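Engineer: As a plain string of letters, each chain reads:
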Amino acid sequence: MQEEVKLIVDGRRLDGRLPDELRPIKIEAGVLKNADGSCYLEMGKNKVMAAVYGPRKVQPKHLADPTQAIVRYRYNMAPFSVEERKRPGPDRRSVEISKVSREALESIIMKELFPRSSIDIFVEVLQADAGSRTACLNAASVALVDAGIPMKGIITSVAVAKVEGVLVLDPMKEEDNYGEADIPFAFFIRNGKIESIALLQMDGRVSKEELLQAVELAKKGAMEIYKLQREAIMKKYKVEEVEE
Amino acid sequence: MQEEVKLIVDGRRLDGRLPDELRPIKIEAGVLKNADGSCYLEMGKNKVMAAVYGPRKVQPKHLADPTQAIVRYRYNMAPFSVEERKRPGPDRRSVEISKVSREALESIIMKELFPRSSIDIFVEVLQADAGSRTACLNAASVALVDAGIPMKGIITSVAVAKVEGVLVLDPMKEEDNYGEADIPFAFFIRNGKIESIALLQMDGRVSKEELLQAVELAKKGAMEIYKLQREAIMKKYKVEEVEE
Amino acid sequence: MQEEVKLIVDGRRLDGRLPDELRPIKIEAGVLKNADGSCYLEMGKNKVMAAVYGPRKVQPKHLADPTQAIVRYRYNMAPFSVEERKRPGPDRRSVEISKVSREALESIIMKELFPRSSIDIFVEVLQADAGSRTACLNAASVALVDAGIPMKGIITSVAVAKVEGVLVLDPMKEEDNYGEADIPFAFFIRNGKIESIALLQMDGRVSKEELLQAVELAKKGAMEIYKLQREAIMKKYKVEEVEE
Amino acid sequence: MNDDILAEVRRDYVLSKIRDGERVDGRKFDEMRKIEIQTGIIEKAEGSALVKLGNTQVLVGVKMQPGEPFPDAPDKGIIITNAELVPLASPTFEPGPPDENAIELARVVDRGIRESEAVDLEKLCIEEGEKVWLIFIDIWALDDDGNLLDASALGAIAALLNTIVPAERFEIGDDFPLPVRDLPVAITSLIVENRILVDPIKDETSVAKNFLTITTDSEDNIVAIQKSGSYLLPEEKFYEAIELSIRKAREVRKLLAEV
Amino acid sequence: MNDDILAEVRRDYVLSKIRDGERVDGRKFDEMRKIEIQTGIIEKAEGSALVKLGNTQVLVGVKMQPGEPFPDAPDKGIIITNAELVPLASPTFEPGPPDENAIELARVVDRGIRESEAVDLEKLCIEEGEKVWLIFIDIWALDDDGNLLDASALGAIAALLNTIVPAERFEIGDDFPLPVRDLPVAITSLIVENRILVDPIKDETSVAKNFLTITTDSEDNIVAIQKSGSYLLPEEKFYEAIELSIRKAREVRKLLAEV
Amino acid sequence: MNDDILAEVRRDYVLSKIRDGERVDGRKFDEMRKIEIQTGIIEKAEGSALVKLGNTQVLVGVKMQPGEPFPDAPDKGIIITNAELVPLASPTFEPGPPDENAIELARVVDRGIRESEAVDLEKLCIEEGEKVWLIFIDIWALDDDGNLLDASALGAIAALLNTIVPAERFEIGDDFPLPVRDLPVAITSLIVENRILVDPIKDETSVAKNFLTITTDSEDNIVAIQKSGSYLLPEEKFYEAIELSIRKAREVRKLLAEV
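Residue numbers (our numbering), protein chains in the order written: chain U, 1 to 244; chain D, 1 to 244; chain Z, 1 to 244; chain E, 1 to 259; chain L, 1 to 259; chain X, 1 to 259.
Simulated from the structure, these hints should not be mistaken for laboratory data. The model shown is predicted, which means the values in this text are computed figures rather than measured ones. Every residue gets a Cβ at the ideal spot worked out from N, C-alpha and C, and that includes glycine. The reader is advised that the hints may include incorrect statements.
To be clear about the criterion: a stretch of chain E counts as covered by chain D if any three or more of its residues have a C-beta under 8 Å from a C-beta of chain D, and this derived list gives those stretches [unchecked claim]:
hint, stretch
1, 149-161
2, 221-228
3, 231-243
Start from the sequences and build out the full structure, keeping to the hints where you can.
Structural biologist: Here's what the structure looks like:
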């Protein structure tokens, strides 16, 4: 069946993008009242909302760490976010995504400044497309900045896929379903420069060489997203200044 | 289908009652050894057993409130209490009934006298008919008195339904199923007088005017039930005196 | 249907055993690195692994007993241990087996020596045959000795079944399925002598007289198993001495 | 500790305001917050609506699929309403299955829709006794600044108005708009200090969680009531609240008509 | 703390009584409490029985419905036994799914009924391999003053005796009484201080939870045994308990015959 | 407290060793522990393998049964991979449903098998769109001395190689060996102090839980990657790890060929 779909025609993808083009992205910081930091983000058809609470007292208490803050991350899909209604509650996929996403953010959060505290990151997928984990991480990252959580830099996430032998940036649903490989990345960016890899997963089949190319392509995409994250944060601060 | 059932004929209901008549009620206080207070109650085909434990130490401890007692209420149906066997354990309906029932009782229990304590009210529906939540509240109320829990007065509960355009007191199963509205009430009674409304829910369709009439009808019914609650309590005390 | 199976022919059982013969048994102590004590045991087609952790700090803390150690026992079946894949997690049968097995061991463990501690016994059924609870208890008993937990003696377990009117020792699957009764025993053995009964269950149909005979048969079997338990422990110690 | 004291000071302030006949955000006692309704924002859902009630935000999505009817209603579609108070929406919400507050919220919203017969369920029968349309209404709290219930109820009916039955996807004919024939509106008040405050904000509910929700249909009939919270409701306040709820629901219903 | 001391004093008293050859409630060691059995009190159940064993009260309800047989017994009805130690019945019972004590109780009761072949399951086949009657036995503890097990087992068989198979409701012929052909009776003893106390009350089990339950059928066969509790049972006590259980079960069975 | 100090001393020792270019167990940084693979030890399973990686022990069992295919792959068998970190295997494992570590482990093993197309799923179709073979791979940790993941992945493919499809038992033709056509091998490294330690033992992971797992197929393609743990991975270390993993997987694959 998958042979019949033709995902790349004349160098263009189904939605007209070139292989190294991102989907349209929209980012808005500080959209919720209750959360200490928040961010609404669209990336293609992904629509996600991130909220950060903390540093705050750990509940339940026995989870508290006397030497540093604990970081929690919950990736959660709304039942109506996908074609076929999803039963509410975490499934195995959500648990794994929450784990690797938390680890990515944890690696740059200055946890040691807040012993006995928790920093809780909740991301709701309101509409899901391919790459929802990357969209959520990008939103979470902005929400953390919005919440004023001290970090070594910022996390920016994007996936690369291999589709009909071609590496493409930020794959959409069809490319994810029928492609030969999917490689989500998240990078640690400091002073506008990519420093290292904070999240990396992969499933599919690629050669060593393709993998190296994929990293380069992902880095290019990440830098573009990083600029949009920065803008969203700047805009929020400008608005606040005007309001004051 | 429901058109074929005729619920009121010549001003009489299916079981021969007039619209403002209650079903037969039987109340017995102090029927359990372990519980600090208890009550067995029948209201039509409802057969319910209420037990009160407390004031006692809160388990688990972290739920304790240093300023007042916490009140818990569990409405629970036995699997054999209904036509089709019910799976054991709380469903969404039980959770909601437990919540509003607890709130009704909490509003008159003098919780501030028992900091760090819990007052636990458990009601088992052994056989269910329409109005099981009202039957349970009436039983719980008597069990609380039997347990000697200080209260501002007593709670008495009864429902009113709208059936074929007529408001009827204390509806039975068929009236609940095929009626146009069901309105469970609980009243706070002090010194033999109804003071205010402690529980109020409604689903169906009634006019504003009908609602006012329903309150009056419910109050009439509640006063009758209140007398039976009193009698049950008096009888228990008399028996105890004789036994001494 | 069960009439067609002939379980005893010419005084011999389906696998050639005499009524008072055990299945082949293999016991190896100290097979795991992490556990404080461990034992791998085969009894017929049963293959079980037991591990003991403790005495150690109780987790969660509120379960700690200030006067003695708490003992926990978990009988757990691997999904692939039975013909039709078993869903992971405890079922009602496992819960009951864990309870009676724990009670058998608890009765000889010197719990009072370790207040506020827990002694945790985990037994995994890797392949199940009839009598898996007895195999697990035998393994657990050796693992406890291996862990150096002070005990009044040792627990040895074996079942007796009634099959076509004959009492047989250590029944296998077919005898368990089509027999008239199954009676698992565990005995407390001290100084090489059976002192009393630590576990006893029974379902089926036997006369009072048959029950007395069953005890005698079980005792005979237990003494044989006890020797193998001893050997396994001795062997482990010898190996350790050599290694030192 | 400091947090507690701050909260107490805040409570006292809210309370003294109320006693003076004022509300902390300057509204009149019978005044709703600003309402915004956006529909159709979740393309993957059959219907959706984002409702903002002041700072309170709720997203409601509707999904539909064929399923078996209930034995006692073989020719009617089925509504299943679920609400999740996800921890994103409030510092006091916790992950996990719906608690009693979420369950109550979902059930009260559900009753309003069900009892007003807002959806013509008989038009959702595919094959009598065999197959009918299931309507899943999922209420997703995004930001709780008080009165999630009215926002949820409003979101639910707005999302239903926006719903297209996905018949083509399931190969059972052409898509068609969900037949909605009434507009139930829930109005929640806070009963405190012998006053009735409509559409309470979180600061106000910190004083007392004495809620009364009255849902009315397009003809001013009452279709659902829920007294929620541990308090004693004087009869006359109940009657006042009914009048108020009918009046306010009419205002809100006008907004719905424009969706 | 005071509670603990009181409990200890009470325990010592019970123990010293036992050592003196007496029981706190004046019964002989081999004497059951007064037994009351009421059947048919839950009209909505297919069968029901309320059993009082002294102050211990248990309600057992039986519900039946058609269902699929087990593949290895295509022509037999199915018994499912469940017990809930609801928190109403004891200060130590907690809400939630059955714990190990409730599960053990249900399974021991179940074994007595199953192994005595009390119910003629072959008469509960509706269509071989396709449809048989399911019998749900639900044990509801109401008041636990010790020995819930014997009361439950008694309630179960009494409720079964009282059960009418609801064939008409499911349109599979006429109703008929459940075919019960044996009367298993469970007798539980407390083994303490080298004594055997039949039908122990709660005060007595506070001394030690050393239970031995022996279930026998109408012909004095033993059909189920459960040693429950962490203790070592001397062989001779086991034999004594068998004799005792057979004798006591005969007495109890007479009461059942009158139900 | 003493335990904590001891653990810290141990950590410091491990770390100083690594800085000196050594490992606590004397291995080179790119050296695996001794590997033992025993297959077929669970006769009741369709396939099984016990893998020892030094002191780490994992048992993997494969069970198969007919079931419904996924709608989007009507002609393909289905693999379901589950891992349980049972409390027997480590003092830190707790009873209960799989936690995030167990879930991650199972999913990474699953991806290696799935993406390498190790099992020819099209040969496991019984009736297109109706019935296909389900393959349950259950990973049972027995002793965790580090790197359970590689041991599990190895156990999974070894057990699959050993699997006979039980067609006769389900009366759908003759038994046949499971069609396995590739040998994916997962190699996990610890990235610490700018070093890459292959096949880390528990003592080493106490220093830092910075894992990188790279699974390759028989043609040195990369089929799965998982960075696991909260750390920042320098790009060049990633490239080094790829080279290393390909090289090590080749060695391990030779052992598999002998199974």
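Engineer: The structure should be examined with respect to each hint, and the outcome stated for every one.
Structural biologist: These are the hints, each one checked on the structure:
1. 149-161: violated (count 0)
2. 221-228: holds (count 8)
3. 231-243: Check passed, 9 qualifying residues.
Checked against the numbered hints given earlier, the structure breaks only hint 1 and satisfies all the rest.
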